[in-house]
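There are 4 protein chains.
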Amino acid sequence: MATQKQTITLLISCPDQPGIVAAVSNFIFEHAGNILESDQHSTNQEECTFFMRVNFAEEGFLLPAGELEQAFRPIAERFRMQWSISYSRQRKRVGIFVSKLDHCLTDLLWRWKSGELAMDIPFIISNHQALEALAHMYAIPYYYFPIARERRIHDEQRMLDFIAGKVDFLILARYMQILEPLFVDAFPHQIINIHHSFLPAFIGAKPYQRAFERGVKLIGATAHYVTNNLDEGPIIAQDVIHCNHRDTVPDLMRKGLDVERRVLAEAVRMHTEDRVLIYENKTIVFE
Amino acid sequence: MATQKQTITLLISCPDQPGIVAAVSNFIFEHAGNILESDQHSTNQEECTFFMRVNFAEEGFLLPAGELEQAFRPIAERFRMQWSISYSRQRKRVGIFVSKLDHCLTDLLWRWKSGELAMDIPFIISNHQALEALAHMYAIPYYYFPIARERRIHDEQRMLDFIAGKVDFLILARYMQILEPLFVDAFPHQIINIHHSFLPAFIGAKPYQRAFERGVKLIGATAHYVTNNLDEGPIIAQDVIHCNHRDTVPDLMRKGLDVERRVLAEAVRMHTEDRVLIYENKTIVFE
Amino acid sequence: MATQKQTITLLISCPDQPGIVAAVSNFIFEHAGNILESDQHSTNQEECTFFMRVNFAEEGFLLPAGELEQAFRPIAERFRMQWSISYSRQRKRVGIFVSKLDHCLTDLLWRWKSGELAMDIPFIISNHQALEALAHMYAIPYYYFPIARERRIHDEQRMLDFIAGKVDFLILARYMQILEPLFVDAFPHQIINIHHSFLPAFIGAKPYQRAFERGVKLIGATAHYVTNNLDEGPIIAQDVIHCNHRDTVPDLMRKGLDVERRVLAEAVRMHTEDRVLIYENKTIVFE
Amino acid sequence: MATQKQTITLLISCPDQPGIVAAVSNFIFEHAGNILESDQHSTNQEECTFFMRVNFAEEGFLLPAGELEQAFRPIAERFRMQWSISYSRQRKRVGIFVSKLDHCLTDLLWRWKSGELAMDIPFIISNHQALEALAHMYAIPYYYFPIARERRIHDEQRMLDFIAGKVDFLILARYMQILEPLFVDAFPHQIINIHHSFLPAFIGAKPYQRAFERGVKLIGATAHYVTNNLDEGPIIAQDVIHCNHRDTVPDLMRKGLDVERRVLAEAVRMHTEDRVLIYENKTIVFE
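Residue numbers (this note's numbering), protein chains in the order written: chain A, 16 to 302; chain B, 16 to 302; chain C, 16 to 302; chain D, 16 to 302.
Source of the hints: derived by calculation from the structure; they are not laboratory data. Quick caveat: nothing in here was measured; it's all calculated off a predicted structure. Heads up, some of the hints might be wrong.
Where chains are identical, the list cannot tell them apart; a pair therefore holds if satisfied intra-copy or between any two copies.
[Claimed, not checked] Computed cross-link-like contacts, SDA-like style, restricted to lysine to any residue with a CA-CA straight-line distance of at most 20 Å: (1) Lys20 <-> Val264; (2) Lys115 <-> Met152; (3) Lys128 <-> His151; (4) Lys128 <-> Asp266.
Work out the full structure, taking the sequences as your base and the hints as a guide.
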């Protein structure tokens, strides 16, 4: 949480070369913007890519929203930037997808209501009706979209049609359905998923049972953007929790829930505050 | 570190059934042993296995070393126990194997000298001469055993012959040679290894480079007993350290060194204090 | 979470001497009890105190509830034990006290509903009406007991009268009223409180503001039993979260909420599972 | 560790106002400097202070060392900056002070030799002769400066005279002597100390004994700059390690050693890389 005053955030990726920071800083300065946070990163490799996040006060800034993009475009073109501008007063709109497990949803809604997550939640979608009461306690519309395996594409298209224009990004808060490419492609790097992680990895069914049998001493969770490569998208946040031989499979699962909800919330906070940039298959997270 | 007084530790694994704890406790009590620590664990599954560690004062205990084993045997046989007895005044003897990397060896030797690791180190063996000065600072004999790939079995047999009778267990403190089955089989569950661990796992060459490319947010380490299944033996200890996009490959490696030496030291401490029991391919660690 | 089968837990403190474990184990064995978990601890000091927790299956145990206490009494008297027996099927009853902050209550109720905390919650009491809706979502009666400073003793006596006989222990889930000795004395070591902790400590008002000014790099939380010595009772659980110069006072408070709820839940879980023993002003926690 | 190429680091503190970043970035750009890392922070309070760290490549930069300061001075004066410039090829020179405990020194020397700490160590000073062999293994001169309580000022003046001109900063790696104001004032915010930290704090003698008696569940360490206010200087780094009732006083001390050396190394690394700025009594650490 930065100050509560309204701010503007500029996210930039471009080939690295001298002068980018100077050009961006000058631009903001010339229009009376007061920079609050500025982070940058360079891959420092042969074909170097540069990343920048600048957060500056909206109050006093001379360019209105409509003119900012146009005024900045020449700089963006000079440096061949991929770039985006966001205003803190335009809170991101997020749709949350759930199935039956409520730990992530409970945690997200509490953090959202407490002011930690600056986003609007126009709806919760589920392939089950189990969590409707929870949604209602927070006065969020809850929509039941069943998914039948044999017509998954059709069912997902229905959801896509419903969602269209309503949200900026999506959270899979333990949504236990595979998303088809048609769905993933509609929200490139705009769908955040959470899953358990183990050392070593256990691919396939019953991972907690197998982690138990292997006697692991750590249970982890990974939040990442969804791509069409299952659970292989850019990682946003990870954490672990210790365990030992006394932990039964249900204990491991309980600890897994704890670390999952914490890691998902962290990833969502980073995303809503425009702190995440993507490069190849990884993230730059300007905490 | 338990109390500095001399103690006796009994480690037991057997099929679970009522009366084991009572029998063992009675046995120790009847011979005037004062129990200092007692831990037990049951797998609580269908074919239940029971594990127990009892640590009691040697002072005042009525059975001398030679008679303890014989006196306990009837109980062990009644419950079909696998069991071992160790005396704290008989410090375990450990041989340390290293190659060129010194982080684990430096850490182990410092902890050993500071009294944290109650063991004797009759020798350090290496396939390089790089760490000889370090060994000498701690007055530990250092032996150079080169390994030639084309006659690895012969070279390892030479080491085995040299080691024979000198140690109770071995530590691979970043020893970068594969051990042949003839070597591993000579020290079943008596060789402790350390290796890096990632979420997800990166199998094969250049794991840090690949972890960097994947943008992981955690670097981990796993200490385990060596079996003939490479890096798949029972896990003794694991931990992780956080990282981010600013970490270059050398940074990740530096963090990896830190977590490796910490995890290895933890595993060695557990082993020297007879706190580890093995069950199938996993460990019970009575911390 | 141990196995779901019903169990009996015996908690013991007494002067240390040989034979305690043998006597207790024999007693359980003679009545066909199958020990599932057994932990013990000795202070190993001059006037040594011994602590033990034994958890055994109720199924198959030959002594019914009424007779167990009587049958065990001779052993207890022989060793001058302080002791208690609890049955897992008699879930502990807990009253939760809150004020306006909802982070601890939200977390406790979610964990309770998910089955992690094996307890019944006959009521929530508050000196505010703010969290009534949350209580109702979980169908728990919510009682508003305002506290007026000038008649605090009278008001607390009213609460005590209401509570009498309804609960086994109490949780102060960020209840912002000081409890008078008449209240604390009615629940000796049966009231769990949570508060923030800093390194160094900041005593007095606005601790987060002062932690911010001091530039601390850690924010912590401590869960403890309430005694008449404010925030000085036996510590059950502690943890911390990292912070840095970017964290504003609200950020520190947000992180504080996170660590508070996690630490409180851990302490409550230990207490409900009869894993906590008290010795002088500290706890033995048999995790 | 950033790239191995030589770099220049500029550290700035000044009253916040628009245009600082633009001016600094322009300056570096105009002289063909390629910015590798840039961090900034604003206190965002009424009388706002701004902090900046810019790290740029020395290769290709048009201003030689002698002219850089002069060329930058007009900008510094316009914004009323406190500022410093450092060159990575001029490694900081550090004097290490120790007494008898070797854990911090062992760790620092290993990290230094492994390349993690980019500094030169012209000498180690001690009021004991205990650690001379360790210094010699790393070929670092070791000087014995005994301190007599009744003439401490005189003895410290002797050390100051010896040190004069030899180092840029000092590390107290568990140096158990109080430094007099004459000494501290000679190295303002250039002496790094490490001490244990507890929750709650235990002031005075035998802190581990008292932490043990209080039953704390965490042992911590704090690295800070030395001021004339004992252990109250700006905090650079902090961390903790978990403990429980099984930990004896020696166990707590062992865990304390572990966390102390880790936290001290972190603080030293931040300092040597010019990542620490000081504001009032706290630090900005640009990790």
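Verification of the supplied hints:
| no. | hint | in the structure |
| --- | --- | --- |
| 1 | Lys20 <-> Val264 | between (47 Å within a copy, 15 Å between copies) |
| 2 | Lys115 <-> Met152 | both (17 Å within a copy, 17 Å between copies) |
| 3 | Lys128 <-> His151 | both (13 Å within a copy, 17 Å between copies) |
| 4 | Lys128 <-> Asp266 | between (29 Å within a copy, 15 Å between copies) |
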